[in-house]
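A.B. asks: Each chain, letter by letter, is given below.
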Amino acid sequence: MTPDTILSVDGLTVRFDASQPLLTRLVTRTGRRTVHAVELVDLQIARGSTFALVGESGCGKSTIARTIAGVQRPTGGGVSFMGVDIAAFRTRRASMRYRRDLQMIFQDPYASLNPRWRVGRIIAEPIVTHGLLKRGRELDLRIEELLSTVGLSPSDARKFPHQFSGGQRQRISIARALASNPAFIVCDEPTSALDVSVQAQILNLMRKLQQELGLTYLLISHNLAVVAHMADSLGVMYLGRIVEQGDAGQLLDDPQHPYTRLLLDTVPDPHAPNRSRTRLAGEVPSPLSPPTGCAFHPRCPVANERCSHEIPRPVRVRKAWVSCHAVEEARLPPSLPNMLDPLNNTGDAA
Amino acid sequence: MTTEVLQTPPIAAGTTPAAAPPSDLAAFWHDFRRNTGAVIGLAIIVVVTGLAVFAPLIAPHHPDRTDSTAFLRPPVWQDGGSWSHLLGTDAIGRDLLSRLIWGAQLSLSIGVAVVVLSLVSGVLIGMAAGYFRGWIETAIMRAMDVILTLPSLLLAIVIVAILGPGLANAMIAVALVTLPHYVRLTRAAVIGELSKDYVTAARVGGSSNLRIMFKEVLPNCAAPLIVQASLGVSAAILDAAALGFLGLGAQPPASEWGTMLADAREFVLRAWWVVTFPGLMILITVLAFNLVGDGLRDALDPKLKR
Numbered sequence: 001m002t003p004d005t006i007l008s009v010d011g012l013t014v015r016f017d018a019s020q021p022l023l024t025r026l027v028t029r030t031g032r033r034t035v036h037a038v039e040l041v042d043l044q045i046a047r048g049s050t051f052a053l054v055g056e057s058g059c060g061k062s063t064i065a066r067t068i069a070g071v072q073r074p075t076g077g078g079v080s081f082m083g084v085d086i087a088a089f090r091t092r093r094a095s096m097r098y099r100r101d102l103q104m105i106f107q108d109p110y111a112s113l114n115p116r117w118r119v120g121r122i123i124a125e126p127i128v129t130h131g132l133l134k135r136g137r138e139l140d141l142r143i144e145e146l147l148s149t150v151g152l153s154p155s156d157a158r159k160f161p162h163q164f165s166g167g168q169r170q171r172i173s174i175a176r177a178l179a180s181n182p183a184f185i186v187c188d189e190p191t192s193a194l195d196v197s198v199q200a201q202i203l204n205l206m207r208k209l210q211q212e213l214g215l216t217y218l219l220i221s222h223n224l225a226v227v228a229h230m231a232d233s234l235g236v237m238y239l240g241r242i243v244e245q246g247d248a249g250q251l252l253d254d255p256q257h258p259y260t261r262l263l264l265d266t267v268p269d270p271h272a273p274n275r276s277r278t279r280l281a282g283e284v285p286s287p288l289s290p291p292t293g294c295a296f297h298p299r300c301p302v303a304n305e306r307c308s309h310e311i312p313r314p315v316r317v318r319k320a321w322v323s324c325h326a327v328e329e330a331r332l333p334p335s336l337p338n339m340l341d342p343l344n345n346t347g348d349a350a
Numbered sequence: 001m002t003t004e005v006l007q008t009p010p011i012a013a014g015t016t017p018a019a020a021p022p023s024d025l026a027a028f029w030h031d032f033r034r035n036t037g038a039v040i041g042l043a044i045i046v047v048v049t050g051l052a053v054f055a056p057l058i059a060p061h062h063p064d065r066t067d068s069t070a071f072l073r074p075p076v077w078q079d080g081g082s083w084s085h086l087l088g089t090d091a092i093g094r095d096l097l098s099r100l101i102w103g104a105q106l107s108l109s110i111g112v113a114v115v116v117l118s119l120v121s122g123v124l125i126g127m128a129a130g131y132f133r134g135w136i137e138t139a140i141m142r143a144m145d146v147i148l149t150l151p152s153l154l155l156a157i158v159i160v161a162i163l164g165p166g167l168a169n170a171m172i173a174v175a176l177v178t179l180p181h182y183v184r185l186t187r188a189a190v191i192g193e194l195s196k197d198y199v200t201a202a203r204v205g206g207s208s209n210l211r212i213m214f215k216e217v218l219p220n221c222a223a224p225l226i227v228q229a230s231l232g233v234s235a236a237i238l239d240a241a242a243l244g245f246l247g248l249g250a251q252p253p254a255s256e257w258g259t260m261l262a263d264a265r266e267f268v269l270r271a272w273w274v275v276t277f278p279g280l281m282i283l284i285t286v287l288a289f290n291l292v293g294d295g296l297r298d299a300l301d302p303k304l305k306r
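Protein chains in written order, with our numbering: chain A, 1 to 350; chain B, 1 to 306.
Excised from the complex, chain B in its bound form (with noise of 0.2 angstroms):
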């Protein structure tokens, strides 16, 4: 974004490589490599991540292919085990390692779907509400109000009813679910940066509202939103998994983590492993988002630099 007023001359980049700063991305590695917890996360993010690409390779078994002889095994390392269901296998006998690769694929794309339709449309609307303030904002506002005061599972399932079930309409009213906190958490940004003299110097230059919206204020914006999206990952992924649970979100035999979680409750005294697993792996890619979203903000905010 800023590269292309800054290309440096080769001459000069050559007579003097050591005054050179480093490029953006190196010096945003290099801060960001110094919080070790956000490594460990995106580490995490990128197994996680690996896993959902390569599913049909890494998985042993079919998700969805039951093994009538094999029902509710125990993982390997307990008695009655099998090296061929390492974690075991559910109720009607899918493997359950081969579930949790598959369901990777699917609790990961609902996640940053329904973060990057809300996050998008969120940023798009609080800009507008904190630029332009007057009626505007007062509209937007008290709109993004009255979504706030309905229990958030409740309007998701009156969205998903008129939509009819399924998984992308779930993920839309996900989405439309959680666009007040980015509206407000955009508002109260912009509305921040607007009265620094540096938004008064565009305007005094002459720069055009869209280019002092996008170019000059959202950056400054960015360290909010950037948590707020790493965290709402992580409540997406539990949202639709609560859908998928009131059999409104990911339709059986989908292997989605959520849905796998909530057809195991009335096991859950018989065979922990059933609940477990699934609830591990929901933990654990929730805190490397997290972890990740905490290392970004720190990196990316030049403020906590040095």
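Isolated chain A, as found in the complex (with noise of 0.2 angstroms):
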């Protein structure tokens, strides 16, 4: 952990209880079922940097987002934020310095704010959570700065939520998020249900926000082009552990683990539409019962013998880690063939 790690994500398993009731079971003979979303994740995080996570749905990114958010209580390992401990919190007032420095911005912009609250009260409440300012004329002022740093009008603090469309109320999340004067914004999908010429718009508001506040994101998304334009470092996600991670650039320019080499074959090159790209087959596995070895060695073009027992450990490409064997033993071709007949793949391969 160097000096300017802000926060740090060591061993990181969350998983999740999906029994059916106890008489269920027993009427049934199912025993217990858990469903793994997070397994093992290391990542850290440097102060003033963006860190993107990015995977298929359901591969534990939003899990993640959660645990450092504080919603989620980890089932093992450990989350620090500024050197501390999050899970040692026993009482809320212990936790209250640290829900003041991290913030959330959330997927849905019309869920995510209270539907019978004014724009005003909404943005003013982690400010009186946190008793940073007084309810009168210097809140008012406070939150009339907030909405021009968002660029909306002072005047829209008396209007509703519902007054608003998905990237007005996407500002109004941002500016909640700013109220406390957080160190570290954690972004859930920020622009995922927004018109692409609006994420635009929010995303060089955070941009310009991380610029001059110094601000530290954790950004989620499964969208590769809003990753290539914020992220400083990247994680690929899947199904609940981090196959690669390292420097945006290099993991976007030259990837090296198989699934990370497919993810980006996914994403549409307008200037080479017809150049020859690998496919990616099959269904993400359920995470009730994710396969034994490297998750992903059942739609692995690559895979062999060991991937299907043995856990892949992180090792070292330049500025990022991968979890590959195939990495690991320099086995991987320059360019991936196709799965002509995947192993365990029940969707269609088309």
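No lab work stands behind these hints, which were simulated from the structure alone. The C-beta atom is built at its ideal place from N, Cα and C for all residues, glycine as well. Take the hints with a grain of salt, since some may be wrong.
As the list claims (entries may be wrong) - Some chain A residues judged to face chain B by a derived CB distance under 8 angstroms, without partners named: (1) Gly70; (2) Met96; (3) Met104; (4) Ala111; (5) Asn114; (6) Pro126; (7) Thr129.
With the hints as a guide, dock the two chains, each given alone in a separate frame, to form the complex.
C.D. replies: In structure tokens, the structure reads:
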């Protein structure tokens, strides 16, 4: 852990109990079922940078975001924010400093704002909760300042959320996140519910705020274009594990892990519409019963016997860490073959 | 509730009067007024409440005074009617109009008191069940299921039998019998709201459980509760009347609409007015509360606006 690390996640594991009720289990003679949402994830985020987590739906990226934001308890491992273990807080009072410094922006701008509160009250809530300002003229001025920071009019404070468009609501969400002067903002798919033109506005606003206020972002996204625009470092997740992480430029230009390469191949390239690409066959296995060994091996075109029983350990490739036996053994071909007969493939391969 | 954050500086309000949005109450009234049925219902409730409040001034006779010269006298427009008893008299010569006016007092306060009692306790219990989940929820919901399995009137009779007959005990019994509806409604609405991101945002922001429960979540659960409460007033009036009929609720000679209806059942064929007018009062009042409940829901739900 380097001195400029603001957030460090060590061996984070989150599992959910998805068992049937006891009586049903006894009648149907089934055991407990556990969703392995996040398995042994390590990551470090440097102060003032943007760390992006990408992956398919259900790979556990939002669970990591919620754990870091303190609304989901980890099953194992820990999250330390500014050198303090967030799982160690016993009372709400003890966690208040951390809650002030870490805020969150959500995916759905229609659900993340209380529909019965006026915008001014929504933005004032973190300030009042943390006792930063007393209600009155000073607080009103601060709300107006926050609204103009995110590009809204000060008079919008008196409106209700339903009077705004999706992009404007996301700006309100950002204003609320900024209200307590945080150092770190968890952005859980902040633009995936917005129009493309509005996405760019919101992302540019986030970058501007990062430069002005020295914010650190954890950006959760499945949109690689968004990630390429925003991220300094990048983590690629597959079925609860990080398969490759490191410098965003290197990962996007020269991906190592087969999954990262296949994921990047799915991005359409308007300059080369007919380029040959390798299809990602099959579907994500169920996190209720993840595959043995490397979780990606049933869909991996270069998997061998070792991949099916041994979990790969991260190896260093220049500015990144890659968890893949093929990379470790340097047997990865320059271009990946298509999988004609994928193992365990229940989905449509085309 | 929201005004403390939103006080606008007088300068701003003075310079841009047109841009200032209307106050909460004005906006609510604007939305409510567009629903004609609700306005009619509100007018009826105002009139009935007025009758109840000013009963001593309006009623032409004392409700309990019997007139031995006028048993079962028909209303004024029918043969044998007289101007001193506009709506006729009952079997022991009491003025029906006066009893209806005084009955408004009793029936309305029963309805409102029962609803307030079961609404407040139902919201508290349902909120605890929906917010904390786990064994608390299981214990509460199974207890509510037990109440629901028993026929409501039978359970109310048992409760009154334990507590002793009387209007106050009847109200407690009816409140307890209707409690599960409010608990279930609150729990379902709370669970629905808790999965939304604004609650997560409040948690991330460090808001306390109580603040999230009652300031963030509860206002968003209000719409179904308001409708249920307005329907509950009428149900409570009917239930209390049923208890009165069985001699467990309002005790004679109290002039409660339901009790009047029950007392008059043997004269249905001979003297239609003794049954019809209390029944009409109940019908009109119940209808008015339902109309207002509908209007409130439409006006209070921001999702239905514009």
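A.B. asks: For every hint, state whether the structure bears it out.
C.D. replies: Evaluated hints:
no. : hint   : verdict
1   : Gly70  : 7 angstroms, holds
2   : Met96  : 5 angstroms, holds
3   : Met104 : 5 angstroms, holds
4   : Ala111 : 4 angstroms, holds
5   : Asn114 : 4 angstroms, holds
6   : Pro126 : 4 angstroms, holds
7   : Thr129 : 5 angstroms, holds
The structure shown violates none of the earlier numbered hints.
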